[in-house]
Amino acid sequence: MHLPPFAVLVDAHAAELHRFLVGCVGPADAEDCLQDTFLAALRAYDRLTHTDNLRAWLYTIAQRKATDLVRRRARRPTRDLDGVDPAAPAADGMTDGTLWQRVGGLPAKQRTAVVGRFVLDLAYADLGDRMGITAEAARQNVSVALRRLRSEVTDDR
Amino acid sequence: MTDDLERRLSAGAPRRDFDLAAFRTALGERADRAGLVDVAVGQLDSPLGTLTAMVTDRGLVELAYPGEGIDERLAEVAERVSPRVLAAAARTDPVRRQLDEYFAGRRTAFDVPIDWRLVRGFAGAVLAATARIPFGAVSSYREIAADAGSPNAYRAAGNALGSNPVPIVVPCHRVLHAGGGLGGYTGGLDRKRFLLRLEGVLDG
Numbered sequence: 035m036h037l038p039p040f041a042v043l044v045d046a047h048a049a050e051l052h053r054f055l056v057g058c059v060g061p062a063d064a065e066d067c068l069q070d071t072f073l074a075a076l077r078a079y080d081r082l083t084h085t086d087n088l089r090a091w092l093y094t095i096a097q098r099k100a101t102d103l104v105r106r107r108a109r110r111p112t113r114d115l116d117g118v119d120p121a122a123p124a125a126d127g128m129t130d131g132t133l134w135q136r137v138g139g140l141p142a143k144q145r146t147a148v149v150g151r152f153v154l155d156l157a158y159a160d161l162g163d164r165m166g167i168t169a170e171a172a173r174q175n176v177s178v179a180l181r182r183l184r185s186e187v188t189d190d191r
Numbered sequence: 224m225t226d227d228l229e230r231r232l233s234a235g236a237p238r239r240d241f242d243l244a245a246f247r248t249a250l251g252e253r254a255d256r257a258g259l260v261d262v263a264v265g266q267l268d269s270p271l272g273t274l275t276a277m278v279t280d281r282g283l284v285e286l287a288y289p290g291e292g293i294d295e296r297l298a299e300v301a302e303r304v305s306p307r308v309l310a311a312a313a314r315t316d317p318v319r320r321q322l323d324e325y326f327a328g329r330r331t332a333f334d335v336p337i338d339w340r341l342v343r344g345f346a347g348a349v350l351a352a353t354a355r356i357p358f359g360a361v362s363s364y365r366e367i368a369a370d371a372g373s374p375n376a377y378r379a380a381g382n383a384l385g386s387n388p389v390p391i392v393v394p395c396h397r398v399l400h401a402g403g404g405l406g407g408y409t410g411g412l413d414r415k416r417f418l419l420r421l422e423g424v425l426d427g
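Those protein sequence lines, which keep their order, are chains Z and D. Basically this note's numbering = 1-based index in the first sequence + 34. Basically this note's numbering = 1-based index in the second sequence + 223.
In isolation and in its complexed conformation, chain Z is listed as follows (with noise of 0.2 Å):
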C-alpha cells in the first residue's frame, strides 16, 4: 500500500474543498476550516489502512469540520437586541444569506449533498463518489434535504 505524498492531496482537492465549504460555513471561515480539515487528515494519514478514494475521505472530514464549526455557532450568543445574529457567518460573498445559513444547518450529509449538489454543481454519481454513496443515495439525500429547506422557508412566511 502506497499513499502518495500528502501535498499530492493538497494540491489535487483543496480548491474544491474550499468551494464545498464555502458552501457549508460560508466564505469568511472556509479557509480556516479547510486548514483544519487537512490538519486533521494529516495527523491520521500514516496510520490510514486504504488508499481507496482519498478524496471521499477528505470529504468525511471535511464535513465533520463544518458540523463543529456550526455547533460552536450555535453555543454562542444568540441574538443581540437588534435582531441581528453576531454569530452568523460573514454575509459578504453571499446573496442568498439566510437560506445558505439554512443549508448549514442542515444534518451533515444532507447539508453536504446540496452544498455538492448546488455550489459545485456535481452529477449525482460524481456527488454519490465524494460521499462514498450510491448516485441513488446522493440523489436522495438532496431530495429530503430540499423537502426540508422548503418547510423551514414556508414557515418564515
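To be clear, the hints were calculated from the coordinates, so they are not data collected in a lab. Treat the hints with care, since some could be wrong.
Distance ranges between label pairs, derived from CB positions [unchecked claim]:
no.: 1; chain 1: Z; residue 1: R110; chain 2: D; residue 2: P289; range: 22 to 30 Å
no.: 2; chain 1: Z; residue 1: Q174; chain 2: D; residue 2: A244; range: 36 to 44 Å
no.: 3; chain 1: Z; residue 1: E170; chain 2: D; residue 2: A245; range: 18 to 26 Å
no.: 4; chain 1: Z; residue 1: A49; chain 2: D; residue 2: G344; range: 41 to 49 Å
no.: 5; chain 1: Z; residue 1: E170; chain 2: D; residue 2: Q266; range: 44 to 52 Å
no.: 6; chain 1: D; residue 1: A244; chain 2: Z; residue 2: A142; range: 54 to 62 Å
no.: 7; chain 1: Z; residue 1: A157; chain 2: D; residue 2: R329; range: 57 to 65 Å
Interface residues of chain Z toward chain D, partial, derived using beta-carbon atoms under 8 Å [what the hints assert, rightly or not]:
no.: 8; residue: L37
no.: 9; residue: A48
no.: 10; residue: V56
no.: 11; residue: D63
no.: 12; residue: A64
no.: 13; residue: Q69
no.: 14; residue: R77
no.: 15; residue: A78
no.: 16; residue: Y79
no.: 17; residue: D80
no.: 18; residue: W91
no.: 19; residue: I95
no.: 20; residue: D130
no.: 21; residue: V148
no.: 22; residue: Y158
Glycine included, each C-beta is placed from N, C-alpha and C at the ideal position.
Please arrange chain D on chain Z, whose structure you already have, making use of the hints.
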C-alpha cells in the same frame, strides 16, 4: 423539476476566490508547528535552476534538480520515509543558506546533516567515499569504487553516483573518468561543468 428553491440555491451559491499557493504556505507552517510534517519540502533558487529540498528530522534526504522527475522523487520519499510530505520552507532554510553561500563562492564544505534512508547497500559506501572528496579536487570512478571497498566495481560505483539523492551536497560531480572525460551526471553535463568551474577544477 426545478422550483423556486432550487433556482435560489443555484443562483445564490456563495463563492470566494481561493489562492492555492498561499494556502499551501499557511497550512505547511501550521502543520510544521504541530509537528506533523515528517518530510518538509522547500524550493531553493540557484544558478542551476530551482532546486527542491526535502528535509526530515534526521537531515537532508533529497535535493532534486528541476525537471519532470520531481513527482516521482516525492512519491519515493513518501513510500520509503513517510507519506506526511508537505511544503514547509522554514525547515529547508539551513540547506538554502549553505547552498547560497556555496554558489556565491563563500563556502567550500557543507555541514547540514544528511538522512541516508534513500540509499542502500554499496551505494552508501560509494556516496560516503564521495563525500570525502574536498572542494577543488576530483576523483575517478575506479578510485571511488576502491575507497568504497570494491576496486573492480567501478560500474556499480557509477550507478550509485547516478542515483545520488543529494547532489551538490554529496559532490558526485567531483567524480570523473580516469582518462579525463567528464563521465555522467544526473543533472546533465552542463551542470557538472558549471560546478567544476565554480570549484576551479575546469577553466572558464
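For each hint, the structure was consulted:
1. Z:R110 <-> D:P289: 22 to 30 Å: Once the Cβ atoms are compared, 49 Å apart, the range 22 to 30 Å for D:P289 and Z:R110 is violated.
2. Z:Q174 <-> D:A244: 36 to 44 Å: Holds, at about 39 Å.
3. Z:E170 <-> D:A245: 18 to 26 Å: 39 Å, violated
4. Z:A49 <-> D:G344: 41 to 49 Å: 42 Å, holds
5. Z:E170 <-> D:Q266: 44 to 52 Å: 46 Å Cβ-Cβ, so the 44 to 52 Å window holds.
6. D:A244 <-> Z:A142: 54 to 62 Å: 30 Å, violated
7. Z:A157 <-> D:R329: 57 to 65 Å: 59 Å, holds
8. L37: Holds: closest Cβ of chain D sits about 4 Å from Z:L37, inside 8 Å.
9. A48: 6 Å, holds
10. V56: 5 Å, holds
11. D63: Because about 10 Å separates Z:D63 from the closest Cβ in chain D, which is outside the 8 Å limit, the hint is violated.
12. A64: Since the shortest Cβ distance to chain D is 6 Å, the answer is holds.
13. Q69: With a minimum Cβ separation of about 6 Å from chain D (threshold 8 Å), the hint on Z:Q69 holds.
14. R77: Holds. Min distance 6 Å.
15. A78: For Z:A78, the interface hint is violated, since the closest Cβ of chain D sits about 10 Å away, which is over 8 Å.
16. Y79: Cβ of Z:Y79 sits 6 Å from chain D, so the hint holds.
17. D80: The hint holds - Z:D80 has a Cβ within 8 Å of chain D, the shortest such distance being about 6 Å.
18. W91: Since chain D brings no Cβ nearer than about 13 Å to Z:W91, farther than 8 Å, the hint is violated.
19. I95: Since chain D brings no Cβ nearer than about 14 Å to Z:I95, farther than 8 Å, the hint is violated.
20. D130: 3 Å, holds
21. V148: Since the shortest Cβ distance to chain D is 7 Å, the answer is holds.
22. Y158: 14 Å, violated
Hints 1, 3, 6, 11, 15, 18, 19 and 22, counting from the list given before, are not met by this structure.
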